[in-house]
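Those sequence lines, one after another, are chains A and B. Read in order, the letters of the first sequence correspond to residues 1049 to 1352 in our numbering. Read in order, the letters of the second sequence correspond to residues 1049 to 1352 in our numbering.
Heads up, a few of these hints could be off.
Intra- or inter-copy, both count: the list cannot distinguish identical chains.
[What the hints assert, rightly or not] Simulated pairs of lysine-lysine, DSS-like, Cα-Cα distance not exceeding 25 Å:
{"no.": "1", "residue 1": "1321", "residue 2": "1100"}
{"no.": "2", "residue 1": "1342", "residue 2": "1115"}
{"no.": "3", "residue 1": "1206", "residue 2": "1176"}
{"no.": "4", "residue 1": "1116", "residue 2": "1206"}
{"no.": "5", "residue 1": "1259", "residue 2": "1271"}
{"no.": "6", "residue 1": "1176", "residue 2": "1326"}
{"no.": "7", "residue 1": "1208", "residue 2": "1080"}
{"no.": "8", "residue 1": "1176", "residue 2": "1221"}
{"no.": "9", "residue 1": "1080", "residue 2": "1239"}
{"no.": "10", "residue 1": "1116", "residue 2": "1221"}
{"no.": "11", "residue 1": "1115", "residue 2": "1239"}
{"no.": "12", "residue 1": "1342", "residue 2": "1116"}
{"no.": "13", "residue 1": "1216", "residue 2": "1182"}
Hints listed in this document are in silico derivations from the structure and should not be mistaken for laboratory results. In this text, all values refer to a predicted model and were calculated from it rather than measured experimentally.
Number of protein chains: 2
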Amino acid sequence: MTTYIFGHKNPDTDSICSAIAYADFKEKTGEKDVVAARIGNINNETKFVLEKFKIAPPMLLKDSTGKKMILVDHNQEAQSIDNRDKGEVVEVLDHHNINFASQGTIPFLTESVGATSTIIANMYFDTKTQLDEKIAGILLASIVSDTIIFKSPTTTEKDKITAQKLAKLLGIKDIESFGIEMFKAKSVWGKMTAEDILEMDRKEYDMSGSKVSITQVETVDYKDLVPRKKELLCELSRIKEIRGLDLSVLLITDIIKEGCLLLAVGDTKKIEKAYNKKLTNGEVWLNGVLSRKKQVVPVLEEVF
Amino acid sequence: MTTYIFGHKNPDTDSICSAIAYADFKEKTGEKDVVAARIGNINNETKFVLEKFKIAPPMLLKDSTGKKMILVDHNQEAQSIDNRDKGEVVEVLDHHNINFASQGTIPFLTESVGATSTIIANMYFDTKTQLDEKIAGILLASIVSDTIIFKSPTTTEKDKITAQKLAKLLGIKDIESFGIEMFKAKSVWGKMTAEDILEMDRKEYDMSGSKVSITQVETVDYKDLVPRKKELLCELSRIKEIRGLDLSVLLITDIIKEGCLLLAVGDTKKIEKAYNKKLTNGEVWLNGVLSRKKQVVPVLEEVF
Chain A
1049 MTTYIFGHKN PDTDSICSAI AYADFKEKTG EKDVVAARIG NINNETKFVL EKFKIAPPML
1109 LKDSTGKKMI LVDHNQEAQS IDNRDKGEVV EVLDHHNINF ASQGTIPFLT ESVGATSTII
1169 ANMYFDTKTQ LDEKIAGILL ASIVSDTIIF KSPTTTEKDK ITAQKLAKLL GIKDIESFGI
1229 EMFKAKSVWG KMTAEDILEM DRKEYDMSGS KVSITQVETV DYKDLVPRKK ELLCELSRIK
1289 EIRGLDLSVL LITDIIKEGC LLLAVGDTKK IEKAYNKKLT NGEVWLNGVL SRKKQVVPVL
1349 EEVF
Chain B
1049 MTTYIFGHKN PDTDSICSAI AYADFKEKTG EKDVVAARIG NINNETKFVL EKFKIAPPML
1109 LKDSTGKKMI LVDHNQEAQS IDNRDKGEVV EVLDHHNINF ASQGTIPFLT ESVGATSTII
1169 ANMYFDTKTQ LDEKIAGILL ASIVSDTIIF KSPTTTEKDK ITAQKLAKLL GIKDIESFGI
1229 EMFKAKSVWG KMTAEDILEM DRKEYDMSGS KVSITQVETV DYKDLVPRKK ELLCELSRIK
1289 EIRGLDLSVL LITDIIKEGC LLLAVGDTKK IEKAYNKKLT NGEVWLNGVL SRKKQVVPVL
1349 EEVF
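Input sequences plus hints: build the corresponding full structure.
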């Protein structure tokens, strides 16, 4: 029976590439019938990465009924495949907050590192499993992407060391340039509708009974998106209505200026209270805020 | 700041010994200020094991307020220290069903093996960390105890291989005899009150809103406890009243006959439905049933 390995909804590079790499690792270490999958569309950054390293995108999995599943890069139900309980989760590999219940005993591993790919790369190293260049490439890209070129406060020493080992293996001397090239590929805003942008990496959270949506997009210059502010606020409102949200947020992260422009619609008083700053026309600049997971979600949860 | 490592309430040998061994492993791999602890009394089997390998029992931790904690051999709140949320869980290492939520990202590892000590022993092996004889001894004892000398269906190939490696290191040739000697030490029923017996390894479960308590005791001959049946049923009733239970169960596991005598008070119809067998005077023999985790809890959950 096939086991499907996949990351979270609205998959980012780490979700797609860690699924591909973990399926490869499982196969190389003797497991049969494992398949990398995804439960959403591939974003421009990930497309760039897969094309660069000549890897086909994983299959789209739409239904979990009766399926065996390995979750990578997420564990919470809200971020997983719809009706997950119609299938069976047989393993979890992640680096996020835990909110999980299992019927039986399963292998479940989370580590406090910047990317799921960091954990997987070290499985290859520790077990001396053969690591092909293209797998090393997508693992490096995922670490650089998830840690925002090591600038995010989620970055650990282990992420840096792992990335250096992978870069050496690939003959990449300048990881920073490699990263900026990747983030530029992601920021091709001209071709994208406001809906595309908002759905690139949108996550929903239940905060003490309130529904909050937070999209994060990384840019090499947040000003590229400023002319489209009205359109983005309008889309934030539309999502708020159709998803029944209390608060609908977009974080436009600037990886060079190291901060983010936050746009929000709904109960924005909560944001003002959380950061002790006023929003003007639905926007506020937050200096030094690069991580949704560490600097936005817990801060808002505290206020809600 | 000190980090306390401890296993579940009503600790068994794996809970006590995995806490001691993991504290030793953490120290040997460079972590400072970690202390093995326990949150309940030590049973006779564990006493025997600690005396045999000349290890002092870990300290009793009564209050979690403001403390950093590493959970071994459990993860669920109901089986942990009271008011656990007044402290901070910084890591989890376990081999049970998962029911856990964390605020931040933490190292969390569960594996489908028969004992937490199996996971820890392999950490020593994999990282080539020095493993002292007395730590090897308590790890072996825990594996033999939790897998009921490899007879429990929770036993995996990894448990057996790990135990063999440890036995070799210790010069123990007959693991079976070592195990029976240990279980005999546990079964000194003469000195124990019915309350002592019921509290040796009692766990409470929420089954679809119903409160169920299941104690498991291992014997080398279940008939040793048969003369005390009335007294045990009376104690089961008392626990049912004071804990507000719907069902109060005692499993007297016989590791030689490979089955268990089940005594129960309360909604015993659920047990009859689960195993399709009638209880007579509150008792029924279940052939082949050795594991509470795999053969009793899920079967009852299904019925509730």
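Against the structure, the hints:
no.: 1; hint: 1321 / 1100; result: neither (43 Å within a copy, 59 Å between copies)
no.: 2; hint: 1342 / 1115; result: between (33 Å within a copy, 22 Å between copies)
no.: 3; hint: 1206 / 1176; result: both (18 Å within a copy, 20 Å between copies)
no.: 4; hint: 1116 / 1206; result: between (31 Å within a copy, 23 Å between copies)
no.: 5; hint: 1259 / 1271; result: neither (29 Å within a copy, 58 Å between copies)
no.: 6; hint: 1176 / 1326; result: neither (53 Å within a copy, 55 Å between copies)
no.: 7; hint: 1208 / 1080; result: between (32 Å within a copy, 24 Å between copies)
no.: 8; hint: 1176 / 1221; result: within (23 Å within a copy, 32 Å between copies)
no.: 9; hint: 1080 / 1239; result: neither (40 Å within a copy, 53 Å between copies)
no.: 10; hint: 1116 / 1221; result: neither (40 Å within a copy, 41 Å between copies)
no.: 11; hint: 1115 / 1239; result: neither (36 Å within a copy, 52 Å between copies)
no.: 12; hint: 1342 / 1116; result: between (31 Å within a copy, 20 Å between copies)
no.: 13; hint: 1216 / 1182; result: within (13 Å within a copy, 42 Å between copies)
Checked against the numbered hints given earlier, this structure breaks hints 1, 5, 6, 9, 10 and 11; the rest are met.
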